[in-house]
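Enquirer: Below, each chain spelled out in residue letters.
There are 2 protein chains.
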Amino acid sequence: MPNAHDVLFRTLADPTRRAIFERLCREGEQTVGALTSQSGVSQPAVSKHLGLLRQAGLVRDRHEGRQTHYSAQLGALSPLIDWTSQMAGFWETRFDELEDLLKRMDQ
Amino acid sequence: MPNAHDVLFRTLADPTRRAIFERLCREGEQTVGALTSQSGVSQPAVSKHLGLLRQAGLVRDRHEGRQTHYSAQLGALSPLIDWTSQMAGFWETRFDELEDLLKRMDQ
DNA sequence: TCAATCAATAGCCAGCAGGTTATCGATCAC
DNA sequence: GTGATCGATAACCTGCTGGCTATTGATTGA
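Here the protein sequences come in this chain order: A and B. According to the numbering used here, the first sequence holds residues 40 to 146 in order. According to the numbering used here, the second sequence holds residues 40 to 146 in order.
Just so you know, the hints here were simulated from the structure itself, not pulled from any lab data. Some hints here could point you the wrong way.
Copies of the same chain are indistinguishable here, so a pair counts whether it falls within one copy or spans any two.
Think about it this way: if two alpha-carbon atoms lie no more than 25 angstroms apart in a straight line, the pair counts; the simulated DMTMM-like pairs of lysine to aspartate or glutamate are [what the hints assert, rightly or not]:
1) K87 with D121
2) K87 with E61
3) K87 with D53
4) K87 with D45
5) K87 with E68
6) K87 with E103
7) K87 with E131
All values reported here derive from a predicted model rather than from experimental measurement.
Put together the whole structure using the sequences plus the hints.
Expert: Okay, structure coming up:
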């Protein structure tokens, strides 16, 4: 049972997939065809990536006739932001501890 | 030629490897033995992970006798932070554009 | 109605990534 | 000096992942 960080990191680790997500962030909603045309891979490959991005909550889809429009769900990135701040936080804490230690040694 | 984001995402995507990095962030410098004992995988596997983390600039090593101490290099996370802010930034920009459009339509 | 288009699915294949055991070099303890 | 310990490396195996082509289902337009 992978946690939220696992899913996000794994999903964004693939360059092709991340490029698709970046494009959706930059340019907003796009059809599968539009995304495929600039992805360098086949349409089924793009559909697979979009499926994984959707599972990760990073995009949502909207059906309109025979086209499917995808758009980025930016909120899904929060666990990533939380994780990095947490790591930074641990580091700060340890730094403070070191400071304290040095202060005590100084007395 | 993978860019900095590629390397970071790929390196942090593996749960075992990320757990090692998290532990180094939480608890500071650790020997390979200490890291192995709580990783659930063999010592060579841990060494391999540490090698990749080092290549990504996420950890540094310090040799002391026959032990090797590893510690987290928090600065290496900045490209990740930059990337997320950039994605958020794109989103904001598009939101502003939408706002402008609505404003112009209103006139 | 029938052909064409769009996107998803199925089925397959190749490469790689992460795991293992075995071994080696270096350092330490006795 | 010798045996034990630590960590890196070698060599290998396996499963998963990302790619492909072919096909299907749905929708559109002629």
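Enquirer: Look at each hint and say if it fits the structure.
Expert: Hint check results:
1. K87 with D121: Answer is neither: 28 angstroms inside a copy and 27 angstroms across each miss the 25 angstroms cutoff.
2. K87 with E61: within (16 angstroms within a copy, 31 angstroms between copies)
3. K87 with D53: both (12 angstroms within a copy, 21 angstroms between copies)
4. K87 with D45: both (19 angstroms within a copy, 20 angstroms between copies)
5. K87 with E68: Answer is within: at 18 angstroms inside a copy they meet the 25 angstroms cutoff, but 41 angstroms across does not.
6. K87 with E103: within (19 angstroms within a copy, 48 angstroms between copies)
7. K87 with E131: neither (40 angstroms within a copy, 28 angstroms between copies)
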